[in-house]
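Participant: Residues per chain are reported as follows:
Protein chains: 2
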Amino acid sequence: MKKVGVAILGLGVVGGGTYRILTEHREFYQTTQSLDINVECVLEQNEERLKELGVPEELVAHNIAEVACNPDVNIVVECIGGVSVARDYVLDVLYGGKTVVTSNKELIAKYYHELERTAKRHSAGLYFEASCVGGVPIIRTLLDGVQSNKIVSMMGIINGTTNFILTKMTEEGTSYAEALQEAQKLGYAEADPDADVEGFDAAYKLSVLSSLAFHTKIPYTKVLREGITGITPEDISHGKALGYRLKLLAISKQSEEGIEVRVHPAFVKKDHPLASVSGSYNAVFLTGDSLGDLMLYGKGAGDLPTGSAVVSDILYAASRTEPRYSTFKNNANPEKEIKFVSDFASSYYMRLSVNDRTGVLSKIAAIFGKNNISILELLQTPDAEGATLVLVTHETHEAAIKNAVAKLNASDIAKVEAVLRVVS
Amino acid sequence: MKKVGVAILGLGVVGGGTYRILTEHREFYQTTQSLDINVECVLEQNEERLKELGVPEELVAHNIAEVACNPDVNIVVECIGGVSVARDYVLDVLYGGKTVVTSNKELIAKYYHELERTAKRHSAGLYFEASCVGGVPIIRTLLDGVQSNKIVSMMGIINGTTNFILTKMTEEGTSYAEALQEAQKLGYAEADPDADVEGFDAAYKLSVLSSLAFHTKIPYTKVLREGITGITPEDISHGKALGYRLKLLAISKQSEEGIEVRVHPAFVKKDHPLASVSGSYNAVFLTGDSLGDLMLYGKGAGDLPTGSAVVSDILYAASRTEPRYSTFKNNANPEKEIKFVSDFASSYYMRLSVNDRTGVLSKIAAIFGKNNISILELLQTPDAEGATLVLVTHETHEAAIKNAVAKLNASDIAKVEAVLRVVS
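Taken in sequence, the protein lines are chains A and B. Just so you know, numbering that gives the first Met the number 0 puts 378 at position 379 of the first sequence, and the rest follows in order with no gaps. Just so you know, numbering that gives the first Met the number 0 puts 385 at position 386 of the second sequence, and the rest follows in order with no gaps.
These are computed hints drawn from the structure, not numbers from a lab. Check the hints yourself; a few may be wrong.
[As the list claims (entries may be wrong)] Okay, the calculated bits of chain B under chain A, using three or more residues with CB under 8 Å as the criterion: (1) 17-27; (2) 30-42; (3) 135-149; (4) 268-278; (5) 396-409.
[Said to hold, decoys possible] Far from chain A, by Cβ distances over 10 Å, these chain B residues were calculated: (6) R86; (7) R116; (8) S122; (9) E189; (10) G291; (11) D292; (12) V310; (13) R323; (14) S341; (15) I366; (16) S373; (17) T387.
[As the list claims (entries may be wrong)] Each computed DMTMM-like pair below joins lysine to aspartate or glutamate, with the alpha-carbon atoms no more than 20 Å apart: (18) K149(B) with E23(A); (19) K328(B) with E26(A); (20) K1(A) with E57(A); (21) K2(A) with D71(A); (22) K269(A) with D71(A); (23) K268(A) with E170(B); (24) K269(B) with E170(A); (25) K221(B) with E334(B); (26) K328(A) with D35(B); (27) K149(B) with E170(A); (28) K221(B) with E397(B); (29) K239(A) with D270(B).
Glycine residues also receive a C-beta, built at the ideal position from the N, C-alpha and C atoms.
Bound conformation, chain A alone (with noise of 0.2 Å):
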């Protein structure tokens, strides 16, 4: 039986649930792998976090160079996260030819392109099915389960704070600060919840999975980023009356005008299956020309899940003889050579407060119409001030919108106080 070694970089959450998975399970995969997987050492400092996982002293590695050079080891597992430390451990790992796995979505979307020139050149594998969306394994789809299409597009759940966040929001009528609270409280949140509510986390799991799906490195900067600090109870549940769920979506798609790449909350349709993922469930809806529509949905974070991941792509590699690479070119000058679009086609749904007074509505209607928006729904209620205009437009263009609210906002009639992108 082929026997592998693995070390554990970092054991917090992820680092933890794999190595909690690999002891468990080792007879397992001897049996249904042909593998004996044996973790031989780990680098931890926290002794308590050692103690609490039952690691036998005699694996506590003291620091990088007697990882790198234990002949025992053939793959490391990177579970340090941030990009300074865990990109130099990494590369110091590749350098002699061992393989990585890494759950490390910062890491790979600002190094993808160094780390894989440095594997390639050391016949060392590089995989990272645990970067993103925990569980649900998107990067083995887009690789080996429909590498026969070409994608058109991809839209995804894929960050379960915020998913969590506008669950409770939806269901509860709360507000966006309540529910933070409740999140944090149940560690769904960090204490600065900046990474996953202002879109960060989403946009580099967005950059990894579109540069695999298009084949072509998509700067996490050029994506849109738009977080949800900005919702409001009141257009969830405006939205909820139309017949629309609000998500933090991330979206990417190629066309012949270029690829789009962006990261904002949306309004999805309450039948769309996207709709009714919940809480901290993630999934990912992609669109291939031959496939059709196909959904991945799980569990997007959490130890055990993110540690299935790690596992699956240790197993992966250790069943193979020669590594398997992301089939993404290293373009050199990706944001040259690629045509982004940034003038992207939506729907738009619209708040506004407006004057109660005769020929408002044509006067809005008006702005509208002189910028080729044509109107889906509308609803109109009178509140203290006047009265609240919610609609809907059909598809139209980001530049247009734009354009109407600029001019809304200028005149006497009409203040926008929300604009959500709709997913039609």
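Dock chain B against chain A, hints included.
Facilitator: Just chain B now, with coordinates in the frame of chain A:
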């Protein structure tokens, strides 16, 4: 660039889709996979079909020997269907050391044992993603995406024809006969619909998928199989009122008691991810010990979706230096080696006609009580001859329900009109 020659046996729906994808995407695979996949020959006698697909005359082989002996053919795609000719041809090809990709679920369910043995002996690959759930890469996921998990259970909507019929009955209240006729008119059901509506097709697929999930041969003959021909709009509508949707489910579970495999109609709660899988869509809902829940959702049939699975197998096979075999044991005698659970646990829906007399309900309750069955929900409505009683039980066992039904039918107080399982 690696050159790979492909032969396609049978240019029906899936074979034709495969031919189209391969010819239209040749350059795309050169760029993205560094593979030059060329259709070297096809085996198909229908000249009209050959013309329709635009197959050049020189590609048409006249017999299987021409294919098996063609040194330029590395991978043979079997899309003939059935098990007599297809089995012979696949064996012929494997003997010559050529890799086989097949979309034939019946062939794999019945002869996997023999085919894999032959493939291994001749160092040939054997891939069958397209045999189960069309464009959904469920087999790749089981083998390479979630192989780190002990699969606890699997629950799928894996037959498009029956899902179309049940969706139509649910949404429009039509009878089974009308819905079947509509499915036949639209080409979703065969003139002889038994393979689909009696659950054979789903049972073959469940046998293949469970074998992969549980790493042990699950003979299709061990699948409890009940079709949808007896389903009435009345029960669908009662279930709907109680918050359930009726689906033909393929279920398999593994526990300390053994393995259970079954295909039958069942109610699922309307907010379960499987409930909204409508029409010709398919989905598989997996639970793994580490990853938790995972659902894959997509097109279960059709020329391009299933062709997409065939071509993904071709690309996967071509990218490897050695074949990837499945991880289920070739048990010599699975029926004796495995414990199959027949008295499984489930909740149940029941519809009874009852005499509208004092004390009837307490007598019925007594029969349930004697069988340790407790009732979760109950709905009584008067009708011409007495009353209709609709109920859903808490989780109980198959044997207890059968016993209670026999007792009720033997009494003079009630007649059991329908019993359906409920996923709890």
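Participant: Now tell me, hint by hint, if it's right for this structure.
Facilitator: We went through each hint and held it up to the structure:
| no. | hint | verdict |
| --- | --- | --- |
| 1 | 17-27 | holds (count 3) |
| 2 | 30-42 | holds (count 3) |
| 3 | 135-149 | holds (count 11) |
| 4 | 268-278 | holds (count 3) |
| 5 | 396-409 | violated (count 0) |
| 6 | R86 | 26 Å, holds |
| 7 | R116 | 17 Å, holds |
| 8 | S122 | 13 Å, holds |
| 9 | E189 | 22 Å, holds |
| 10 | G291 | 5 Å, violated |
| 11 | D292 | 6 Å, violated |
| 12 | V310 | 4 Å, violated |
| 13 | R323 | 7 Å, violated |
| 14 | S341 | 26 Å, holds |
| 15 | I366 | 38 Å, holds |
| 16 | S373 | 29 Å, holds |
| 17 | T387 | 31 Å, holds |
| 18 | K149(B) with E23(A) | 11 Å, holds |
| 19 | K328(B) with E26(A) | 16 Å, holds |
| 20 | K1(A) with E57(A) | 23 Å, violated |
| 21 | K2(A) with D71(A) | 9 Å, holds |
| 22 | K269(A) with D71(A) | 53 Å, violated |
| 23 | K268(A) with E170(B) | 18 Å, holds |
| 24 | K269(B) with E170(A) | 17 Å, holds |
| 25 | K221(B) with E334(B) | 8 Å, holds |
| 26 | K328(A) with D35(B) | 18 Å, holds |
| 27 | K149(B) with E170(A) | 34 Å, violated |
| 28 | K221(B) with E397(B) | 16 Å, holds |
| 29 | K239(A) with D270(B) | 17 Å, holds |
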